[in-house]
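**Student:** Residues per chain are reported as follows:
Number of protein chains: 4
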Amino acid sequence: MTQIVSFIGLGAMGYRMAAHLPKHFSKVLVWNRTSNKAEEHATTYGTQAVTLQEAVQADIIFSCLPTSADVEHLIQPLTIKSGAIWVDCTSGVPESAKKLEVQLKEKNVAYLDAPVSGQTIGAENATLTFMVGGNIETFEKALPAMQALGKLIKHVGDSGAGFAVKAVNNMLMAVHLCAACEGASTLKSHGVNLQEAFECINASSGQSTVTSSVLPQRIFNRSFPNTFALPLLAKDTGIALDLVQNAKLSAPVIAASQSLIQAASNLVEPNSDFSTVAKMYEMLNKVTIE
Amino acid sequence: MTQIVSFIGLGAMGYRMAAHLPKHFSKVLVWNRTSNKAEEHATTYGTQAVTLQEAVQADIIFSCLPTSADVEHLIQPLTIKSGAIWVDCTSGVPESAKKLEVQLKEKNVAYLDAPVSGQTIGAENATLTFMVGGNIETFEKALPAMQALGKLIKHVGDSGAGFAVKAVNNMLMAVHLCAACEGASTLKSHGVNLQEAFECINASSGQSTVTSSVLPQRIFNRSFPNTFALPLLAKDTGIALDLVQNAKLSAPVIAASQSLIQAASNLVEPNSDFSTVAKMYEMLNKVTIE
Amino acid sequence: MTQIVSFIGLGAMGYRMAAHLPKHFSKVLVWNRTSNKAEEHATTYGTQAVTLQEAVQADIIFSCLPTSADVEHLIQPLTIKSGAIWVDCTSGVPESAKKLEVQLKEKNVAYLDAPVSGQTIGAENATLTFMVGGNIETFEKALPAMQALGKLIKHVGDSGAGFAVKAVNNMLMAVHLCAACEGASTLKSHGVNLQEAFECINASSGQSTVTSSVLPQRIFNRSFPNTFALPLLAKDTGIALDLVQNAKLSAPVIAASQSLIQAASNLVEPNSDFSTVAKMYEMLNKVTIE
Amino acid sequence: MTQIVSFIGLGAMGYRMAAHLPKHFSKVLVWNRTSNKAEEHATTYGTQAVTLQEAVQADIIFSCLPTSADVEHLIQPLTIKSGAIWVDCTSGVPESAKKLEVQLKEKNVAYLDAPVSGQTIGAENATLTFMVGGNIETFEKALPAMQALGKLIKHVGDSGAGFAVKAVNNMLMAVHLCAACEGASTLKSHGVNLQEAFECINASSGQSTVTSSVLPQRIFNRSFPNTFALPLLAKDTGIALDLVQNAKLSAPVIAASQSLIQAASNLVEPNSDFSTVAKMYEMLNKVTIE
Chain A
118 MTQIVSFIGL GAMGYRMAAH LPKHFSKVLV WNRTSNKAEE HATTYGTQAV TLQEAVQADI
178 IFSCLPTSAD VEHLIQPLTI KSGAIWVDCT SGVPESAKKL EVQLKEKNVA YLDAPVSGQT
238 IGAENATLTF MVGGNIETFE KALPAMQALG KLIKHVGDSG AGFAVKAVNN MLMAVHLCAA
298 CEGASTLKSH GVNLQEAFEC INASSGQSTV TSSVLPQRIF NRSFPNTFAL PLLAKDTGIA
358 LDLVQNAKLS APVIAASQSL IQAASNLVEP NSDFSTVAKM YEMLNKVTIE
Chain B
118 MTQIVSFIGL GAMGYRMAAH LPKHFSKVLV WNRTSNKAEE HATTYGTQAV TLQEAVQADI
178 IFSCLPTSAD VEHLIQPLTI KSGAIWVDCT SGVPESAKKL EVQLKEKNVA YLDAPVSGQT
238 IGAENATLTF MVGGNIETFE KALPAMQALG KLIKHVGDSG AGFAVKAVNN MLMAVHLCAA
298 CEGASTLKSH GVNLQEAFEC INASSGQSTV TSSVLPQRIF NRSFPNTFAL PLLAKDTGIA
358 LDLVQNAKLS APVIAASQSL IQAASNLVEP NSDFSTVAKM YEMLNKVTIE
Chain C
118 MTQIVSFIGL GAMGYRMAAH LPKHFSKVLV WNRTSNKAEE HATTYGTQAV TLQEAVQADI
178 IFSCLPTSAD VEHLIQPLTI KSGAIWVDCT SGVPESAKKL EVQLKEKNVA YLDAPVSGQT
238 IGAENATLTF MVGGNIETFE KALPAMQALG KLIKHVGDSG AGFAVKAVNN MLMAVHLCAA
298 CEGASTLKSH GVNLQEAFEC INASSGQSTV TSSVLPQRIF NRSFPNTFAL PLLAKDTGIA
358 LDLVQNAKLS APVIAASQSL IQAASNLVEP NSDFSTVAKM YEMLNKVTIE
Chain D
118 MTQIVSFIGL GAMGYRMAAH LPKHFSKVLV WNRTSNKAEE HATTYGTQAV TLQEAVQADI
178 IFSCLPTSAD VEHLIQPLTI KSGAIWVDCT SGVPESAKKL EVQLKEKNVA YLDAPVSGQT
238 IGAENATLTF MVGGNIETFE KALPAMQALG KLIKHVGDSG AGFAVKAVNN MLMAVHLCAA
298 CEGASTLKSH GVNLQEAFEC INASSGQSTV TSSVLPQRIF NRSFPNTFAL PLLAKDTGIA
358 LDLVQNAKLS APVIAASQSL IQAASNLVEP NSDFSTVAKM YEMLNKVTIE
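From first to last, the protein sequence lines are chains A, B, C and D.
For the first sequence, the working numbering gives the first residue as 118, with consecutive numbering after it.
For the second sequence, the working numbering gives the first residue as 118, with consecutive numbering after it.
For the third sequence, the working numbering gives the first residue as 118, with consecutive numbering after it.
For the fourth sequence, the working numbering gives the first residue as 118, with consecutive numbering after it.
For the record, the hints were derived by calculation from the structure and aren't laboratory data.
Being a predicted model, the structure only gives us computed values, none of them experimental.
Just so you know, nobody snuck in bad clues.
Heads up, simulated DSSO-like pairs for lysine-lysine below, C-alpha to C-alpha not over 30 Å straight-line:
| # | chain 1 | residue 1 | chain 2 | residue 2 |
| --- | --- | --- | --- | --- |
| 1 | D | Lys216 | C | Lys305 |
| 2 | C | Lys224 | A | Lys216 |
| 3 | A | Lys403 | A | Lys305 |
| 4 | B | Lys215 | A | Lys305 |
| 5 | C | Lys198 | C | Lys268 |
| 6 | A | Lys222 | C | Lys216 |
| 7 | B | Lys365 | C | Lys305 |
| 8 | A | Lys198 | A | Lys268 |
| 9 | B | Lys216 | D | Lys216 |
| 10 | B | Lys216 | D | Lys222 |
| 11 | A | Lys365 | D | Lys305 |
| 12 | D | Lys224 | B | Lys216 |
| 13 | C | Lys215 | A | Lys216 |
| 14 | D | Lys198 | D | Lys140 |
| 15 | B | Lys258 | A | Lys305 |
| 16 | C | Lys305 | D | Lys215 |
Facing chain D, from chain A, some residues (calculated, C-beta under 8 Å):
| # | residue |
| --- | --- |
| 17 | Pro369 |
| 18 | Ala373 |
| 19 | Ala380 |
| 20 | Asn383 |
| 21 | Leu384 |
| 22 | Leu401 |
| 23 | Asn402 |
| 24 | Lys403 |
Built from N, CA and C at the ideal position, the CB exists for glycine as well.
Just chain A, same shape as in the assembly (with noise of 0.2 Å):
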């Protein structure tokens, strides 16, 4: 069976992506908002800039777009091809996931939740990891087409699972990066070498992705590459612990840390890197982290 596929959002996850589905699928559309980003990714990648109307009348349908808000009123006024599935990329919010299958699958759309990790480099060589949520067998009909761009796909429970997933995954990194921040702020006070002692740390019991991989490529070479901005991040926190209320959970660390990287988000440059959290922390401490 020959599949139309489409995709919405051609941001720096989305063009990069989009651009692995003409290996998979003859016929691959994609939009975005400023159009001629749309028709530079058909030039280059051979896929074909279309409207957005046009875009959702395919088979399957991605969409990867800054928040829920976006997606949702992207989606409102549109008319959706019948027997479609929406695969929504975007780091959303749990809540917005379950209206949305609901408000689809009355017009005989499908949709899932399936945020995904990675970052551009995962994007650019389809390595990314899909936390998906909503219905199984739409995931299983969706899955080939994940898998063209991504790696490690799995289906994590119910429609919102998947964003859910990605929500406490970039939860966990954000504690880890201000626990990192801190013990770094506190190895360095007392003279120690922070270089010598995250390869430690790092072969250790206290090692995360953050340790080994943030620290030394972002922080303390002071590159702060601007890859994934911070109010993002935030944002993303912000979800985590509405799960956590939602719940009726306590949970102080993630509290704490939602806090912290709230109050970095208000200080720093709108779009700075989440690595410039160390920099909220050095003007706390005044101890620069390198």
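Got chain A sorted already, so can you dock chains B, C and D onto it with the hints?
**Tutor:** For chains B, C and D alone, coordinates are given in the frame of chain A:
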């Protein structure tokens, strides 16, 4: 040059560490508070069980005791061989290292704070990580002996720096453990499959050694194997928080996590494994983490 | 002008509040889910027990229910008297107030969020504090009716502002309660006489209504009288944390305290008094607060 | 019996406290590091400016210095009158009190840790609160002298207990200050009138001396009068957190608040008033608290 090496403190770590020394040194002395353990070690590994006073006549003296207070108390009445190097593998207090270095120097004995990570499996396979503080020349002299027991051996700074790195490592692990329990409880409450979810997280930015090893191997499977007692982790987090305070730093995530580890340590059975922190969260949230 | 006044919800607060109205208004209607309570009130205080539909034909309609969700659910099917003012004394959610204000306005009914403080004793003595959000002219029209029940009656802002102030008040109380339990446990552990210590603190900068009233009257004497249920306090702290999050603020002390109150609420018997937060601390610290 | 009384340390508190002593004792000696302040005191209040060695020949010796380290350093070389009572009004460290009590006892000098609260206004009006640790008979002997300076004078426990109570009082104040700033920022963000809101809160369960005095008198009016330096508050919260840790307690709200006070102290100008904690929050939240 033929060196005599001794090992003081044959606990779960020390017993396994000392076992490697006879492969590299012709004369290896061991001492333990309960002497039959030393004799068993001598019989099994070809070491010599001696008195404490004899043990401290070696050229290189390893110690591995529960706390710095134990080391200080043990050293006080001893007449240590002039020119010896004392390599203290205890997870100790930086201030104590600085004090012992000065006190022992007066007796022409060098002191290194050289705590290890890698747990009993690392001790057994001689793949421990040593994070070492103290004089760099002393470090180089003691390096071959440490290489007999470990793989990554790093000089991280002046006296006390080794203990500081170990305390911060364990503090980071403690933070990650709290965050992992909180995140897992949240996902569980929202009906997410924890195994699948953490497979995704372990391939993503939220990964830590806690999420990839501690969660599946100790908590999800309800084994809580008793290998590293929670009160010792609580002690280490206390050392880390003291370092924060002494440097007049602000470290809210470390501070919050230390409180929780201390509460868990107060709550659970004495000598419970550190992973039983999960049980405190289960009690506070009425959610099983599995 | 003769006004008809009604009171909906005769719980511990509402029952006592409605009792004052017949002194000021010739016709006072009351309604309660369990109607025998309304009849008892009518017999005792000279009010009239009516149906819910009759109650909402009054000129001024007071409501005092457990949550905003209860109020929304109750209002939905009703046909309220055109021109009426609804004075909602529930400890509710600011967003709900904004929504109700708009919805009721369409039916020519004005809505004020007008939560109260002062507990049952304040309700009994008509010395409650009203913190009121909504239209200022509506506030002025409803003022005489509120003055029948309270002493300090403040217009604090637009719709939702009253609920916001109540939520923040209760959140501050929750923070103070956690801090008082922590401080008292610390002093007790160090052998300090708590009664004498808090007599000093209550004359010093560390005083709060919690230290001067809650500690001696509910905790030190082990009475924990069941007047304000801990789950309701947990709910209020959740509302406050939502306000923090919606405004993208950093409030680490509020966030940490909210987590602890939620944990205590999960732990203790349902409907335990809010002061039983002390019992959670006693469990976590193995120190009795008395 | 005629007693000679001396006062060591004529800072903002000591200067005003010592001024009351000549009304009750015929011979009052004063000493200050910068001696012209002592001479000015002698001229103004009829005390005698003496050498430090002369000052410690009094029957009752008051001291009021910035830290316990200052007191220890000052006492070390002195030969104090046998039979004297040293009343230390410093906001000091409990461990230091225990040590000084033992050391001075060997020289037949009694020591009381007797910190005060009530600020300069309380010192001026002799309405201070004394929270006193140490031997009860010594307390009773020194009581008349303390009564010359204060109103509420309490024996709260053994040596160190006075310092502990003062540290916990200031810690509670610090928690309340953080919570008040967080709560006020939240209300401000939601458009609530802060003056009206806190008038309600001050009549409700969320009241504290911080909300009823510090907020209106120092923060809302942007005066931040420099009467109690933030680094001294940070020091006191550090003492309180040490007490928590020494007793192996879990005190998450104290721990989080201590971190924030320390951060604020690191951030603001040296010697800024403690109320400038509000300025840190304003920076982190981009919300003015007024």
